[in-house]
Amino acid sequence: MLSRTASSLYWLGRYFERADFIARLVEATVRLDVLSSQPAGEAAWASALAVTETEEPFATLGGNLSQTEVVRFLTLDSSHPGSIVRCVDMARNNAKAVRTALTREAWTAINRAWLLFENRTIPRSTTDQMNLVEAVKTETRGFEGAVHRMLRNQTTWFIRLGQAVERADNTARLLDVKYHILLPEGERLGGAIDRDQWTTILQTVSAVTAYRWLYNDGLRPADVIDLLLARAELPRSLAASVEETVDVLNLLAKRTGNHGEADRMARMRASRMAKTRSGEVIASGLHQFLQAFIAENALLHGAIGRQFKFQ
Amino acid sequence: MGKQAFDEIMGTPGDTTARPELAALGHWIEETPDAELRRRQEAAETTFRQLGITFAVYGENEAAERIIPFDIVPRVFLHDEWTRLSEGLVQRVEAINAFLNDIYGERRILKEGILPEDLVLGNAQFRPEIAGIRPPHGVWAHICGIDLVRTGPDDFFVLEDNARTPSGVSYMLENREAMLRLCPELFREFRVAAVDSYPDLLLETMKSVAPHGTGSNPTCVLLTPGHYNSAYYEHSFLADSMGIELVEAADLVVDDDIVWMRTIAGRVKVDVIYRRIDDDYLDPLVFRPDSALGVPGLIAAYAAGNVAIMNAPGNGIADDKAIYSYMPDIVKFYSGGECKLRNVETWRCREPQALKYVLDNLEDVVVKLVDGSGGYGMLVGPTASKQEIEDFRAALIAEPHRYIAQPTLALSTVPTMADGGLSPRHVDFRPFVLSGSKGVQVVPGGLTRVALKEGSLVVNSSQGGGTKDSFVLMKDQSQRMGAGGMTQTMGGMSQTLGTMLPSAGADT
Amino acid sequence: MRLSIDHHTIYRFTQPQGRLVQMLRLTPENTHDQTVASWRIDVDCDARLRPGRDGFGNAVTMLYAEGPVDGIEITVKGEVLTSHSDGVLRGVHETLPPALFLRATEATAHDAAIAEFAADAVVGARDRIGALHRLNRALHQQFVFDAGRPEPGLTAGAAFRKDSATPRDMAQMFAVAARSLGAPARYVSGYHHTDFEVVHFPTPHGWAEAHVDGLGWVGFDPCTGMSPEEHYVRVAMALDAAGAAPVAGSRLGEGGEELDVDVVVQRED
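Quick mapping for you: the protein sequence lines, in order, are chains A, B and C. Using my numbering, the first residue of the first sequence is number 1, and each one after it goes up by one. Using my numbering, the first residue of the second sequence is number 1001, and each one after it goes up by one. Using my numbering, the first residue of the third sequence is number 2001, and each one after it goes up by one.
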């Protein structure tokens, strides 16, 4: 397979995954802001920006931290490289470049997501906003399904590799930022605001029900962290993303004979992850742990690029 | 156009029934309701749209991806018509190859005064940068599209030779696919030569011109400018059907005068490149230095004999409109015989007498820019406005050497679906001719382009043209395939399989 | 005359480059009046060099270097024996007919002002060779010699509107002027020795050749107003300076580049 093709597939996976994540983040934040018993207001939107690390570009635009402004910024702002519209656009560009490697179904999902944004006006009402993110989620789900129905070969694996690397990054950021906000000084753990915030996290990674299945102890922050960090059963957990990365790299190594730096890094990370206990992580500093994880994930991304000669 | 033209199906003007050999097609046209024809045509176009067989119109924004309209009524070549045509095509393409080999080598044709020296040496299409390079196996014009028009039963004329990167072959294949699916009854009536082996023949041609010593399984790639190019669909379609990599310039590197492609498993040596980018963008070290599309060092690898590039760089001199009018002499010079395919009479405006004639008869002639294409920079006298004629007059007087002129021909027509039902529309034809190390072959079929506007002679897709399938009838039409398909019984359930079609594997 | 040449070309990149591909036209060949006694091209990084020939028949060397490359220094050293030639080129294998060199290029596009200048300059000339010598002298007198590095992309037409000109611009103007008179003309790159104090040149030298029936290709150097003689070493020719460029390069990587060239030509006898 051409390196460029592999690179496009990988990036296609990353961008579409990112679009999906931002859609979920927006949805969960809208809920947090509007639907919870005690509206979180600016703080909720500031945290959404913090998760995507876009406080600064947002501030330079001079908008206020309102639902309308931030949602517009995260969904439709084509000048902002982290917006859904840009992620979808980048995903589609990559898909176009490897068009013949994709099934029609997979291409159509991406193309339909792209068409959602054609001549789109700014969604002002909460309903409009929820409709938009719901529509994006429908297409990303459709794509996910289509990828699973594609031939199990390098094409699928590079897409899945991009998704896994992106997912690991997104979940780590989500957890990091929320955890910071969740422990403001003087706030009582387990209070009402807290509860809504923790629910937001679970919603963002579609894990509300999963949480109830796995922990029958009510909503406990330590359990939420455990779920997102260490439970490989949850597809969006760090543990699952780390495992998926190893698995996909293994499949690629078997097929292409290309085995190297990225495999070693991914395997080392996975074996460390398997020994990680969330309780210990919390005790010794979740923030430091997540920062190191994000940095390592970026290194792995670089190693993948080198191993498969993306550049 | 007031003149009645020869109709490919109905025959000479005035005939009310189809040509005898095509009586069955005449019946089919009569018996199939317009609404049904229209429905099938729409079904075909829907498929094309879904497949993304689109082209981008230059000058319009990116969203302007259009499909080329498809017409359901095929144009048909009788077997002996095709035989004569093929002989002419083979002779012409052999001459084009010989001409290129000579013009970049010995230049015998100039020394013997067959062609004016300045017409070649002063022509921007003659590329001194590649002079002296011998392409592997001496093949230059691997894929030619020869544009033909017809004015009568035996009157075929070459309108233009395309020896650079002719496009349109994907339409030949997709149109046939659509016809097999939508009008299977026609293939029961007529034994039509299959075109679906084209990708195999093309790949065979590619492999046959691999540099000596590359082994039995050379690595072939198709080089595309990328997915923004208007013909990208065709590039990906051909690469897919041949099972070769579709590469962009950035995927190729030249090292030590060898071309490699960058794959996830490392570098893979490339032996044959079917390039769909222009000479200018092949290698920034040799051609345009500002080209981001090119592969630095490609020409060095080519000159060293380590890679075959098809079509060969520098081919533009063979299909240049200024050279065109000399083609009969060129064919005669290299083949030793008379040119079997006639040229359209052409006035070279660089010659004062010709210029005078053209200026005196602007209302009746077609004027073309020597270096124009796609129907741009062209005057069709009989349908042009006064203003257009005067604009061209001024341009001709200012720069006569940039123009040629031809008489307006009564191009043949084929019944075509129009707003008010079937109606004759003018067509042209582009067959595809492949040249490999083992000789020249013509694929039995091609691309028929049709001017959808009544009376229009401009068939270019960018100017409102459409396409049709082109049937080439096989020799023995008595052995028609029996009607009905095979019936298979399975566990008490019977299933009628699709009609057996004369073209094997047509449904793949 | 025995001439020694020491030519350094140094590229420094602001960021490391992934790979470099360069086409070097840095190898002189033997002619009737020019014998290459020794010649070598050295590169200060791990690179592969491949000899070849371009369409004009010039000897070229392809240079392939794998990154990361911060910079590259190409060193050319050699000795050439030359003899008196009256400026007439002999013993060179020509791959293209003279008529090709009537062709204009972007840098040597037809220019009405140059054509008018050429027509004036040759008034009174008895034959083609006489006319070309007059043109050469007229160009020499018209411009102040500019010893600096030529401005990238400057066309002959634009150069003609200035007061001073570099050898490259002078030679390209000569080509445009000669072609306007119907004489095939081309650009030549190479080296020359002068008796000036300064021996360090910022670029190789450039002059022109025009074709005269009966004589063949004849050299003209508008910088001196004379024909190149035994103190010249001829390396490459093409329709314009870009086509005969000593180094045509392409690099894969971000950032800018700095170019430093130093040419020293010395007389050994």
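Hint data in this document are derived by calculation from the structure and do not stem from the laboratory. Values in this document were obtained by computation on a predicted structure and should not be read as measured data. Certain hints may be false.
Stated by the list, open to error - With a cut-off of at most 20 Å between alpha-carbon atoms, the simulated SDA-like pairs for lysine to any residue come out as follows:
#	chain 1	residue 1	chain 2	residue 2
1	B	Lys1475	B	Arg1188
2	B	Lys1269	A	Arg141
3	B	Lys1269	C	Glu2066
4	A	Lys137	A	Arg195
5	A	Lys309	C	Asp2042
6	A	Lys137	A	Tyr179
7	B	Lys1356	B	Ala1418
8	A	Lys96	B	Asp1255
9	A	Lys96	B	Glu1399
10	B	Lys1321	B	Ala1035
11	A	Lys96	B	Ser1241
12	B	Lys1321	B	Asn1123
13	A	Lys309	B	Asp1255
14	B	Lys1453	B	Arg1066
15	B	Lys1475	B	His1227
16	A	Lys96	B	Ile1244
Unchecked claim - Stretches of chain A that chain B covers, calculated by requiring three or more beta carbons in the stretch to come under 8 Å of a beta carbon on chain B:
#	segment
17	2-12
18	54-60
19	93-99
The beta carbon of each residue, even a glycine, is placed where N, CA and C say it ideally should be.
Status of the hints after comparison with the structure:
A hinted pair counts as satisfied when its Cα atoms are at most 20 Å apart, and lysine 1475 (chain B) with arginine 1188 (chain B) qualifies at roughly 15 Å. Between lysine 1269 (chain B) and arginine 141 (chain A), the direct Cα distance comes to roughly 40 Å. Violation of the 20 Å bound is thereby established for this hinted pair. Of the supplied pair hints, the one linking lysine 1269 (chain B) and glutamate 2066 (chain C) holds, its CA atoms being roughly 17 Å apart against a limit of 20 Å. Straight-line distance between C-alpha atoms of lysine 137 (chain A) and arginine 195 (chain A) comes to about 25 Å, which puts the hinted pair past the 20 Å bound.
Only pairs whose Cα atoms come within 20 Å are accepted, and lysine 309 (chain A) paired with aspartate 2042 (chain C) is rejected, the gap being roughly 30 Å. At most 20 Å may separate the alpha-carbon atoms for a hinted pair to count; lysine 137 (chain A) and tyrosine 179 (chain A) exceed this at roughly 25 Å. For the hint pairing lysine 1356 (chain B) with alanine 1418 (chain B), the CA-to-CA distance comes to about 40 Å; that exceeds 20 Å, so the pair is violated. Taken as a hint, the lysine 96 (chain A) and aspartate 1255 (chain B) pair is broken in the structure, with Cα atoms around 29 Å apart against an allowance of 20 Å.
For a cut-off of 20 Å, the pair hint linking lysine 96 (chain A) to glutamate 1399 (chain B) is broken: about 43 Å separates their Cα positions. With a C-alpha separation of about 43 Å, the suggested pair lysine 1321 (chain B) and alanine 1035 (chain B) falls outside the 20 Å cut-off, and the hint is violated. Straight-line distance between C-alpha atoms of lysine 96 (chain A) and serine 1241 (chain B) comes to about 18 Å, which keeps the hinted pair within the 20 Å bound. Simply put, lysine 1321 (chain B) and asparagine 1123 (chain B) have alpha-carbon atoms about 11 Å apart, close enough for the 20 Å limit, and the pair holds.
Proposed proximity of lysine 309 (chain A) and aspartate 1255 (chain B) is supported: the alpha carbons are some 17 Å apart, at most 20 Å. For the suggested pair lysine 1453 (chain B) and arginine 1066 (chain B), the alpha carbons sit about 17 Å apart, so the restraint of at most 20 Å is met. Restraint check for lysine 1475 (chain B) and histidine 1227 (chain B): the C-alpha separation of about 41 Å exceeds 20 Å, so the hint is violated. Distance hint between lysine 96 (chain A) and isoleucine 1244 (chain B) is fulfilled; the C-alpha atoms sit about 18 Å from each other, no more than 20 Å.
Counting residues of the segment 2-12 of chain A whose CB lies closer than 8 Å to any CB of chain B gives 4, which reaches the minimum of 3, so the coverage claim holds. Coverage of the segment 54-60 of chain A by chain B is violated. Counting CB-CB distances below 8 Å, 0 residues qualify, and the rule asks for three or more. Residues of the segment 93-99 of chain A lying with their CB closer than 8 Å to a CB of chain B number 3, which satisfies the three-residue condition for coverage.
Hints 2, 4, 5, 6, 7, 8, 9, 10, 15 and 18 from the list above are not met by this structure, while the remaining hints are.
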